[in-house]
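K.L.:
Here's the letter readout for the chains.
There are 2 protein chains.
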Amino acid sequence: MELLTFVLDDTKAEPLYHQLYKYIKIEIQEGRIDYGEKLPSKRKLADHLGVSQNTVTTAYEQLIDEGYVSAIERRGYFVEKIDNLIILDAPEKRINRDKDRGLSSIEYDFTYEGVDAKSFPFYTWGRITREVIDERDNDLLKETESQGDYHLRHSIAQYLRQSRGVDCHAEDIILSAGTEYLFYILFQLFRGRKLFGIENPGYEKLPLLFSRNNVNYVSIDVDENGMPLKGVRDSKADIICITPAHQFPTGSIMPISRRVQLLNWMNEKNDRYIIEDDYDSEFKYSGRPIPAFKGLKNSDRVIYMGNFSKSLSPGIRISYMVMPKELMARYIEELPFMICPVSTIAQRVLTRFIDEGYFGRHLNRVRTAYRKKRELLVMTLSQYGGKFKIIGADAGLHITVKVNNHMTEEELVESAKEQSVRVYGLSRYCSKNRDLNRILLGYANMSDSEIVKGIQRLSKAWL
Amino acid sequence: MELLTFVLDDTKAEPLYHQLYKYIKIEIQEGRIDYGEKLPSKRKLADHLGVSQNTVTTAYEQLIDEGYVSAIERRGYFVEKIDNLIILDAPEKRINRDKDRGLSSIEYDFTYEGVDAKSFPFYTWGRITREVIDERDNDLLKETESQGDYHLRHSIAQYLRQSRGVDCHAEDIILSAGTEYLFYILFQLFRGRKLFGIENPGYEKLPLLFSRNNVNYVSIDVDENGMPLKGVRDSKADIICITPAHQFPTGSIMPISRRVQLLNWMNEKNDRYIIEDDYDSEFKYSGRPIPAFKGLKNSDRVIYMGNFSKSLSPGIRISYMVMPKELMARYIEELPFMICPVSTIAQRVLTRFIDEGYFGRHLNRVRTAYRKKRELLVMTLSQYGGKFKIIGADAGLHITVKVNNHMTEEELVESAKEQSVRVYGLSRYCSKNRDLNRILLGYANMSDSEIVKGIQRLSKAWL
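Chains B and P are the protein sequences, given in the same order. Residue numbers are given in the numbering used here: position 292 of the first sequence equals residue 287, and the series is strictly consecutive. Residue numbers are given in the numbering used here: position 303 of the second sequence equals residue 298, and the series is strictly consecutive.
For the record, the hints were derived by calculation from the structure and aren't laboratory data. Careful, some of the hints might be misleading.
As the list makes no split between identical chains, a pair holds if one copy fits it or if it spans any two.
[Unchecked claim] Pairs of lysine-lysine, BS3-like flavour, derived with a Cα cap of 30 Å: (1) K76 <-> K113; (2) K137 <-> K200; (3) K7 <-> K39; (4) K200 <-> K320; (5) K368 <-> K33; (6) K427 <-> K231; (7) K20 <-> K137; (8) K292 <-> K137; (9) K200 <-> K189; (10) K397 <-> K279; (11) K113 <-> K448; (12) K279 <-> K20; (13) K279 <-> K368; (14) K412 <-> K189; (15) K367 <-> K20; (16) K279 <-> K137; (17) K368 <-> K137; (18) K448 <-> K7; (19) K382 <-> K264; (20) K448 <-> K76; (21) K39 <-> K17; (22) K33 <-> K455; (23) K39 <-> K76; (24) K225 <-> K412; (25) K17 <-> K384; (26) K76 <-> K367; (27) K20 <-> K39.
Note that the coordinates shown come from a computational prediction; the quantities given were computed from them, not determined experimentally.
Please build the complete structure, drawing on both the sequences and the hints.
P.N.:
Encoded structure:
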């Protein structure tokens, strides 16, 4: 091809190079310039069109970038084969049907989900992310090892040793993207041959997760100290799933005596396990922190689960478990197909966030924020002189209350809703019927004024 | 507390505010300043220490940031409760045991994993990521919907409609973090009641993934057109898993006649399904692209799986499937506990990357890069005049070769290794014995010179 004849319009806002680039691109796309054809030299085309050579250079480079043209040294610019060029136009206007769903009438939601958005270190997170990507390390493009990036596992192990008393190392840890994904790993290792004992009430997802995976489970009623030994023995469970740091949802903290009983139960047989879900242990408001179960003696067969959903945000989707040695050996041997679901960039960012001290500082900051919210919530409730009995407020990001009136739990939830307040009855967490008549109030992502106004509405509804 | 007596050292490189901040922090940590104690006013302390008030302000603000101190308006600065303060020191020196594993003697690895690192748009990816985080949208902290972010699903649906002829919408798509995570969803929906038919040879992870999840499967031998109808009928499978765009690993492209046969088989019974894994369909080098199975008529019950591992990078960990309507209804009904494993930030970044046209451009660029590598590989092999028979080079990121000598497949692999070259015998992808005597050569993450030198070594080993 000798010359392209095309009128550039310099009265347009669109830069000249872009007009030229677009023109040539469409000519190629529509087959008017063929594969292999040589484009005019930059100098010639610039002369011909009456533009600077720079304009042509920029247009050609854009075409090279997008694969329409290639430059061959000392020979010139040639049109590429475009058989399978993918042309994505601007997306059509979208209608987000999902967004219209429910919740509109709720003004105050005492959910236990979510975190204090004001505390999230967006600036630092953004800066570290950019730094990680800017290094252009090719390893960022690869999956990490199946257990997760070694350095991140190392940093998590160190955090667990220091703050939770869990004696573990990078080699003992598997990273994943949430509690259910950790359970998939365990299901594949135990392959339906174990009976799981779960807390009643407890984390509401477990019964369905277990039954959908054909895993047998039995519900064990918790008392004011968590899962009782007698219940465990009666259930014949092989593996129990517990939340000793802050029982979900009742809020109780398991005392050391009960812990020792359960560990002894586990150690009676060498195919018994305890799964400790330490889901919000970062937040304890009175006394010294109680070390994790996994920090006690003879806890080798405890499987420790943790995550960053409460301490950073649920949107980050990073969880982990500390595996007993023999179970980890089996993981490596039997599940070689597993790929860690967490993106390599996200793992690298979190590693630096921990190693450079930001995670520790962030925890201190949010702990203070949550302590204040909790104090405000407890204080506001106590203004109604004995009408609310507060249970489980020593840790975590939710409390439970018994309301001193004659309403059933269902009536409490319903009458709150009429005041545009959402609260959660403990029965929704019961896998086996229990008459607890208690309400869960989460406060992590509520502002101070929402806490106060929400409780005022509840007092209207209930008192 | 009236005053803090402390000598600041202005000959140190450490800024004065930082010395002051550190001093007070340690005093608090070690209990020498008590909870609730009031710190000296900024003016007083600045006078006392002979520093500017700014220095004190900066130190106090750092302490507030980290939760050691709180400011109460008009009253002053007070020490916070630090019961559970987490103090993370600089991490101990780490020894990465995992890094020392194997591979050291291999100089040229013709793996089919990985992508061309030079083509990855690090700059754009970093810029968009920073933009997304800088918006400080609180929704970034939350999980997305269980199916994944609506907007990303919308963008993927549009891409699939335009480039793969798959008529689907955001509502039909589930996002996850890799093929095995998509299968966990299907396992939970089918709950062990189906017999899966898989390709032999095929994706090597499937047999183990299926057996570890107690899912029945049967291997079906593929021929030069992919999975044959007779094999499907004989197997009694309810669901077949196929890679029609570029059979893995043999490289064949399933012709339309075979596709129609398999669709008819599926439609004979309404509980039969076809799982189409379109793992590297972005790359086809001759003729027009063949639309996906899911793009054909009567393909309602085809489950379409795709991912960004080949088109962007395996490190990104984002995959998706297009679900039949009734299966999606069951997903929503039966698996309400599922949380999308992909981080919200990553989903947001990918959405913009697609919507702003970068993904289309990137695909064009890498397609050109891979076409050239493939041409170089084929050309280099053909220099050995008929010694290599190349099969399956029309698409994807790997080819297979039959070597015209008297070596067994095992001998081919072993003798290559002696020349420090890693190649992959097709038998490693066979779930049931087959004597294919063929070698897989991937080229996506090899440079031009590695391709040429690697093949030279192979010719030494084999010819």
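K.L.:
Next step is simple, just say for each hint if it's right about the structure.
P.N.:
Structure-based check of all given hints:
For the identical chains of this complex, K76 and K113 are inter-copy neighbours only, at 21 Å across copies versus 51 Å inside a copy, given an alpha-carbon limit of 30 Å. For the identical chains of this complex, K137 and K200 are inter-copy neighbours only, at 18 Å across copies versus 32 Å inside a copy, given an alpha-carbon limit of 30 Å. Taking the shortest alpha-carbon separations for K7 and K39, only the intra-copy value of 24 Å comes in at or below 30 Å, while the best inter-copy value is 63 Å. Taking CA atoms no more than 30 Å apart as the test, K200 paired with K320 passes in both settings, with 28 Å inside one copy and 24 Å between copies.
Proximity of K368 and K33 under a CA criterion of 30 Å is satisfied inter-copy only: 22 Å between copies versus 69 Å inside one chain copy. Only within a single protomer do K427 and K231 lie at most 30 Å apart by alpha-carbon distance; the minimum there is 17 Å, versus 40 Å between protomers. Within a single copy, K20 and K137 get their C-alpha atoms no closer than 33 Å, and across copies no closer than 41 Å, so neither meets the 30 Å cut-off. Proximity of K292 to K137 under the C-alpha cut-off of 30 Å is found in neither arrangement, the shortest distances being 39 Å within a copy and 37 Å between copies.
When the C-alpha separation of K200 and K189 is checked against a cutoff of 30 Å, the pair qualifies both within a copy, at 19 Å, and between copies, at 25 Å. For a Cα distance limit of 30 Å, the shortest separation of K397 from K279 inside one copy, 21 Å, qualifies, whereas the shortest one across copies, 65 Å, does not. Only within a single protomer do K113 and K448 lie at most 30 Å apart by alpha-carbon distance; the minimum there is 19 Å, versus 56 Å between protomers. Taking the shortest Cα distances, K279 and K20 sit within 30 Å of each other only across copies (21 Å), while inside one copy they are farther apart (62 Å).
Taking identical chains as interchangeable, the C-alpha atoms of K279 and K368 lie at most 30 Å apart only when both belong to the same chain, with a minimum of 13 Å there against 58 Å between chains. For a Cα distance limit of 30 Å, the shortest separation of K412 from K189 qualifies neither inside one copy, at 41 Å, nor across copies, at 44 Å. In the homo-oligomer, the alpha carbons of K367 and K20 lie at most 30 Å apart only across protomers (21 Å), although the nearest pairing inside one protomer, at 60 Å, exceeds that limit. For the identical chains of this complex, K279 and K137 are inter-copy neighbours only, at 23 Å across copies versus 38 Å inside a copy, given an alpha-carbon limit of 30 Å.
In this assembly of identical chains, the alpha carbons of K368 and K137 lie at most 30 Å apart only when taken from different copies (20 Å versus 42 Å within one copy). Proximity of K448 to K7 under the C-alpha cut-off of 30 Å is found in neither arrangement, the shortest distances being 56 Å within a copy and 51 Å between copies. Taking CA atoms no more than 30 Å apart as the test, K382 paired with K264 passes in neither setting, with 47 Å inside one copy and 62 Å between copies. Taking identical chains as interchangeable, the C-alpha atoms of K448 and K76 lie at most 30 Å apart only when they sit on different chains, with a minimum of 27 Å there against 65 Å within one chain.
Within a single copy, K39 and K17 get their C-alpha atoms as close as 19 Å, which meets the 30 Å cut-off; across copies the closest is 67 Å, which misses it. With identical chains, the CA atoms of K33 and K455 are never at most 30 Å apart, being 80 Å at best within one copy and 39 Å at best between copies. With identical chains, the CA atoms of K39 and K76 are at most 30 Å apart within one copy only, with a shortest distance of 24 Å there and 75 Å across copies. Taking identical chains as interchangeable, the C-alpha atoms of K225 and K412 are never at most 30 Å apart, the minima being 38 Å within one chain and 60 Å between chains.
Taking the shortest alpha-carbon separations for K17 and K384, neither the intra-copy value of 70 Å nor the inter-copy value of 42 Å comes in at or below 30 Å. Only between protomers do K76 and K367 lie at most 30 Å apart by alpha-carbon distance; the minimum there is 11 Å, versus 64 Å within a single protomer. Taking the closest pair of Cα atoms, K20 and K39 come within 30 Å of each other only inside a single copy of the chain (19 Å); across copies the shortest separation is 70 Å, beyond that limit.
Violated hints for the displayed structure, listed by number in ascending order: 7, 8, 14, 18, 19, 22, 24, 25.
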